[in-house]
Structure formats: structure tokens, C-alpha cells
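J.: Just so you know, the protein sequences line up as chains A and B, in that order.
In terms of the numbering used here, the first sequence is numbered consecutively and its last residue is 278.
In terms of the numbering used here, the second sequence is numbered consecutively and its last residue is 337.
There could be a bad hint or two in this list.
What the hints assert, rightly or not - From the structure, some residues in chain B lie toward chain A, with a derived Cβ separation under 10 Å:
1) A159
2) L162
3) A163
4) H167
5) A258
6) S259
7) I275
8) K278
Hints in this document: simulated from the structure, not taken from any laboratory.
Computed from a predicted model, the values in this text were never measured in an experiment.
Glycine residues also receive a C-beta, built at the ideal position from the N, C-alpha and C atoms.
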Amino acid sequence: MLEIRGLSKSFRSAAGTSVQVLRDINFTVRPGQIAGLVGESGSGKSTVIRCALGLQRPDSGSVSYDGIDVHAARGPQLMRFRREVQPVFQDPYASLNPRMTVERLIDEGLRVHRLLPDAAARRDRVVELLEMVGLDASAMPRHPRAFSGGQRQRIAIARALAIGPRLLICDEPVSALDVSVQAQVINLLQEMQERLNLAILFVAHDLAVVRHICSEVAVLERGVIVESGKSDEVLGTSQYPYTRALLEAVPIADPLEARRRRCARLSVAASPGGNGYE
Amino acid sequence: MVDTPFANAPLVPATNDAAPLLDVRGLSVSFGHGPAAVRLVDNVSFAVGAGERVALVGESGSGKSVTAQALMRLNPHMQVSGVVQIGGCNLVALSDKEMTAERGASIGMVFQDPMSSLDPLMTIGDQVAETLRLRGVSAAAARARALRVLDELRVDRAAERLAAYPHEFSGGMRQRVVIAMALIGEPKVLIADEPTTALDVRVQERVLDLLYSVSKERGLAVLLITHDMGIVAGFADRVMVMYAGRIIEQNDVEPLFASPRHPYTQGLLGAIPRIDQKREQLQSIPGAPPTPFTRPPGCHFNPRCAMAMEICRKDYPAMIETGSARVACHIHGGGHA
Numbered sequence: 001m002l003e004i005r006g007l008s009k010s011f012r013s014a015a016g017t018s019v020q021v022l023r024d025i026n027f028t029v030r031p032g033q034i035a036g037l038v039g040e041s042g043s044g045k046s047t048v049i050r051c052a053l054g055l056q057r058p059d060s061g062s063v064s065y066d067g068i069d070v071h072a073a074r075g076p077q078l079m080r081f082r083r084e085v086q087p088v089f090q091d092p093y094a095s096l097n098p099r100m101t102v103e104r105l106i107d108e109g110l111r112v113h114r115l116l117p118d119a120a121a122r123r124d125r126v127v128e129l130l131e132m133v134g135l136d137a138s139a140m141p142r143h144p145r146a147f148s149g150g151q152r153q154r155i156a157i158a159r160a161l162a163i164g165p166r167l168l169i170c171d172e173p174v175s176a177l178d179v180s181v182q183a184q185v186i187n188l189l190q191e192m193q194e195r196l197n198l199a200i201l202f203v204a205h206d207l208a209v210v211r212h213i214c215s216e217v218a219v220l221e222r223g224v225i226v227e228s229g230k231s232d233e234v235l236g237t238s239q240y241p242y243t244r245a246l247l248e249a250v251p252i253a254d255p256l257e258a259r260r261r262r263c264a265r266l267s268v269a270a271s272p273g274g275n276g277y278e
Numbered sequence: 001m002v003d004t005p006f007a008n009a010p011l012v013p014a015t016n017d018a019a020p021l022l023d024v025r026g027l028s029v030s031f032g033h034g035p036a037a038v039r040l041v042d043n044v045s046f047a048v049g050a051g052e053r054v055a056l057v058g059e060s061g062s063g064k065s066v067t068a069q070a071l072m073r074l075n076p077h078m079q080v081s082g083v084v085q086i087g088g089c090n091l092v093a094l095s096d097k098e099m100t101a102e103r104g105a106s107i108g109m110v111f112q113d114p115m116s117s118l119d120p121l122m123t124i125g126d127q128v129a130e131t132l133r134l135r136g137v138s139a140a141a142a143r144a145r146a147l148r149v150l151d152e153l154r155v156d157r158a159a160e161r162l163a164a165y166p167h168e169f170s171g172g173m174r175q176r177v178v179i180a181m182a183l184i185g186e187p188k189v190l191i192a193d194e195p196t197t198a199l200d201v202r203v204q205e206r207v208l209d210l211l212y213s214v215s216k217e218r219g220l221a222v223l224l225i226t227h228d229m230g231i232v233a234g235f236a237d238r239v240m241v242m243y244a245g246r247i248i249e250q251n252d253v254e255p256l257f258a259s260p261r262h263p264y265t266q267g268l269l270g271a272i273p274r275i276d277q278k279r280e281q282l283q284s285i286p287g288a289p290p291t292p293f294t295r296p297p298g299c300h301f302n303p304r305c306a307m308a309m310e311i312c313r314k315d316y317p318a319m320i321e322t323g324s325a326r327v328a329c330h331i332h333g334g335g336h337a
């Protein structure tokens with residue numbers, strides 16, 4: 001469905017030197033699948049997303065969506081790509097225009113793509129979407145500022161779903177949210193995926209969240225995909241050193257297990273020749 | 001050497017008294033005056049002993065960072081009441097000048113974002129030594145102490161890096177510098193407010209391990225403020241859960257995770273995905289935490305609580321003590337607060 005092939009991208013630094021950010025990235029999202037991309041900060045996750053959305057032109061390689069070459073598409077093809085692929089961004093405080101009402105935010109896509117010319121039908125659709133994400137019609141005349149972070153992210157998801165996309169591209173969609181609210185949004189994304197048979201490209205740094213929600217995952221290390229496969233395997237039993245190191249550093253909400261791990265780490269650090277710190 | 005509390009402070013204070021180092025009683029914090037006043041932290045009491053690591057967990061708006069700022073008296077617009085006792089001295093009652101002397105000396109603080117707590121135009125060495133210089137320690141002595149603290153925090157090649165600037169350091173190294181700044185005055189109590197939130201997991205782990213070792217070696221009392229239950233499990237001896245300005249549950253770390261008593265704590269633990277096990281669906285807590293302006297009457301958690309009873313909507317529950325646990329919840333009996 002979404003095929004990223006041989007994607008490379010470099011940026012010029014202020015000093016004039018070129019920094020390669022992505023190197024030969026291959027990544028596929030299949031219909032109805034939640035595919036994850038994980039990596040530390042600076043690994044190139046966001047650049048992959050920008051290239052996948054067509055917002056940034058890669059140096060080489062291609063991104064194709066359902067037969068459309070995203071970086072060459074024009075006219076009706078580009079419109080179809082933009083209708084069928086929708087982004088959800090990290091920060092719902094920044095991604096929603098503060099001057100628009102919730103109704104306008106959600107029906108904007110319907111207007112742009114002229115999907116529901118009838119105003120009453122559009123209204124009904126907005127109400128339906130709000131209810132789908134756990135809000136209601138009373139939200140329509142209000143502005144984003146009246147909502148909490150979790151509610152805003154629901155509005156952003158409703159906005160993305162309004163025009164019936166087939167693929168959502170989510171860049172850290174829950175990392176700005178509180179723990180108790182994070183679970184709501186994760187559950188909502190899962191439910192939407194099942195109900196609407198959506199495909200989702202889910203990019204995040206939180207390995208536990210990615211393992212929970214994704215069936216497939218790729219691990220990005222300094223612009224290179226170093227491992228990919230079923231998420232239970234990659235984020236469960238992987239023996240690849242980089243993935244293993246990341247996994248072992250994920251805090252576990254279990255004091256006994258956490259203590260066992262710390263003892264192991266600190267005894268390595270303290271042993272002669274061992275340096276667990278740098 | 002100059003006669004200051006710093007110059008003669010032992011590097012490893014031999015403290016293991018029964019009396020807590022930090023004893024907070026009935027701490028309340030409000031902003032504003034008259035009818036517009038809003039109470040952010042409400043009647044919070046806790047104690048942290050020497051060498052003890054206590055976590056204060058809560059979501060945004062719960063009042064955890066405001067509590068930290070109140071302990072340090074960092075915000076002059078806050079009205080702070082209650083008692084914050086460190087070594088026989090009530091910080092709340094001190095004059096501004098006296099408080100300035102205590103900051104860094106008896107209580108130190110580490111903030112979330114190491115880039116914004118460092119001056120980009122000052123060398124690392126000068127920043128770490130600044131606390132001592134301000135108290136009249138000679139440049140050479142302060143520099144030597146800075147070097148010693150950076151070494152203790154395993155900053156490689158610390159001697160040559162004293163002359164470096166913050167932008168030359170990675171995020172994890174910067175956070176070590178910030179910790180060094182907090183520790184150089186040999187405080188007995190360290191408050192760390194989300195010290196690793198801006199860091200990647202591997203760096204986070206190293207910084208937390210360091211804080212852990214330092215607290216053991218120095219007998220330092222650490223109050224760690226975080227929203228991450230995973231970090232709490234790996235770092236803290238004891239946990240306090242904060243919701244809407246109040247501590248609603250506290251316990252030793254193992255029983256808290258094994259048998260959380262407050263429905264909110266139970267919800268929080270059910271809401272986090274675990275890397276080491278597969279959960280079909282995350283348990284989510286409906287709604288969102290209230291803002292200080294929209295805290296409901298009765299128990300502040302009642303609108304989100306599946307087990308809320310009539311009394312929960314009317315009366316704030318009293319803190320009940322059973323064994324190591326303290327919980328403020330009507331389900332566990334007790335009266336109203």
C-alpha cells in the first residue's frame with residue numbers, strides 16, 4: 001500500500017558539510033496493518049515521515065502509495081493521495097489552528113475535497129466523527145483551547161478520519177499526552193483501525209507503545225533500518241545488539257525486575273575493565 | 001580555605017538517622033488573591049530520609065512540579081503555607097536572603113531540560129563552580145571541587161572539559177553537568193524534576209543509575225518527580241501518587257506496584273503498555289485530570305472513578321494508614337478529611 005524504496009536524504013549543515021540523515025530506507029505498510037517505525041532522537045524518524053507524506057523530497061529512492069509516485073504526482077493523482085493518506089502529528093496544541101472551531105477543523109477536508117457539498121450532511125458527518133472519537137456535538141462551536149491535550153488529539157484524529165482515508169501516518173501521536181489519556185488514544189487508534197480497516201504507519205520512540213499497537217516494526221538507527229519484522233519478535237526476542245540495548249533500557253513498571261536489571265548493570269560497571277557508563 | 005559551610009562539608013556525610021532529612025507537613029500552595037485565588041497543592045505531607053529515594057508521581061497539572069518549586073521557593077508569586085523542615089530549619093519561614101543561602105547548600109534541584117538550565121555563554125567549569133564562587137570559595141578551590149563532582153558523575157576527561165561550553169555536550173552529558181551543579185554544594189536533599197524526560201532511553205538509564213549510586217554513596221535524600229511509572233519502579237524506595245493537588249496514595253515501591261489501593265493508582269498501572277508482556281487492551285481511565293479551576297467537590301477523582309459512591313461526591317476522604325500504605329479513598333473506609 002505504502003512502499004518506501006531505497007530512500008536516502010541528506011541535509012546541508014550550517015558549516016556547508018552534508019549530513020546523511022537517511023540511507024537506503026526500505027519500508028512497507030500493507031492494507032489494514034499497523035506498522036511501526038522506532039528509533040532514538042536524531043535517528044531520522046521524522047524525515048521518513050516527511051518524505052512519506054510528500055512534504056520533503058528525498059535525494060534518491062521513491063515513495064509510492066497504491067501506484068502513485070508521491071513525489072511525482074500532480075493533479076488528480078496528488079488529490080487522491082492527499083485524500084487517502086492523512087497525518088496525525090505529535091503535538092495537538094500545535095497541529096490544530098487555534099482560530100478555527102472544532103466543526104471547521106473537522107469539516108475542512110470535506111470542503112477541500114468537495115466530498116459532501118450539502119451543509120447539513122457535512123454537519124451530520126462531523127457529529128458522527130466526534131462521537132466516533134468519544135466526543136459529542138457540543139464540541140462543534142468551540143475552539144481547541146477549550147479542550148485538554150487528549151481531547152485535542154481526538155479532534156486531530158477525527159479531522160484525519162473525516163475524509164475516509166485508507167492510511168494514517170502518525171508521528172509520535174501519544175508522546176505529548178498524559179499516561180491515563182495516552183491509553184485512551186492508543187485504544188481509539190486500535191479501534192479505528194479495526195472498524196475502518198485502516199492502515200497506520202506509527203512512528204514513535206516509545207518501544208512499549210509500539211510493541212503494543214503494531215504488528216510489524218522496523219528499527220531505525222542513525223538513518224539506517226537495522227532490523228525489521230514482526231513486532232513481537234523484533235521487540236521481544238531480538239538478538240540484534242542495538243535493538244537489544246534499546247529494549248533493555250526501557251523502564252519496566254515492575255520493581256523486582258527493575259532491581260534485578262540494575263544490579264546486573266551496576267555490577268558490570270563496577271567490575272574491572274567493565275565500563276557501563278560510556 | 002574560606003570559612004563557609006561548603007568548604008568544610010564532608011564529601012560523604014555519614015547520615016543514617018531515624019529522623020527524616022526532609023520533612024514536609026501540610027504544604028499548600030496557592031496563586032492569586034481573594035476570590036481569584038487558586039490552590040494548586042493542597043495539604044501535602046511527606047518525609048524523605050537520608051539515602052532514601054522517593055518518587056512523586058502524577059500527571060500534568062497534578063501539582064508535582066509546583067510542589068518542587070514550593071520546596072525550593074523558586075516562585076515569588078506562590079503563597080506557600082505549611083512546614084518544610086530540613087535539618088531543624090523550616091524553609092517556609094526563612095527570609096529570602098536566608099533561603100538563598102539554603103538553596104544549593106541544604107537542598108539542590110535538577111530540572112527537566114538541561115539545555116535551558118545551562119547558560120550557553122558560560123563554560124561548564126564556571127557553571128558548576130558558580131554556587132561555590134558566590135559563597136566566597138576561591139576560584140582554584142571551586143574549580144577543584146567542580147572537577148571532583150564531574151568525576152564522581154563519570155564525565156569523561158572532566159579536566160579538559162571544564163573549558164567547554166554546553167553546546168559541545170550531548171544531552172546526557174549536559175544533564176550530568178546540571179546534576180553536578182546541584183550537588184557541588186553538598187546538599188542533603190536533591191529534588192529532581194523529570195530529570196530524564198528529554199533524554200533517550202539508554203541515556204536516561206545511565207543518568208538514573210548515576211543518581212541512584214550518588215544517593216547511596218552520599219546518603220543523599222532524593223525526591224524524584226516523574227510521570228513515568230517505569231522509572232519509579234526502577235529508582236524509588238517509596239512512591240507518592242499525586243492527583244489534583246493532593247497525595248492520594250503512598251507506599252513502599254513493591255507493595256504499591258503489587259497491590260495499588262487507590263482506583264487512580266490502579267488505573268495508572270493498567271494504562272501503561274509493558275515492553276515485557278503482551279496486553280490485549282490497555283485499561284484507560286475515562287476523562288482527563290481536572291485543572292486547578294475545575295476540581296470537583298468531594299474526592300477529586302470521583303468523576304473518573306468506576307467505584308465512586310455517594311460519599312465520594314461530597315467529602316474528601318481522609319488519609320488512612322495501614323501498614324506501609326497510606327491511602328485517601330472512601331472505599332478503604334475512614335471518614336472525610
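J.: Hints first: check each against the structure and report whether it holds.
T.: Hints, one by one, checked against the model:
{"no.": "1", "hint": "A159", "result": "16 Å, violated"}
{"no.": "2", "hint": "L162", "result": "18 Å, violated"}
{"no.": "3", "hint": "A163", "result": "20 Å, violated"}
{"no.": "4", "hint": "H167", "result": "12 Å, violated"}
{"no.": "5", "hint": "A258", "result": "8 Å, holds"}
{"no.": "6", "hint": "S259", "result": "12 Å, violated"}
{"no.": "7", "hint": "I275", "result": "4 Å, holds"}
{"no.": "8", "hint": "K278", "result": "7 Å, holds"}
The structure shown violates the earlier hints numbered 1, 2, 3, 4, 6.
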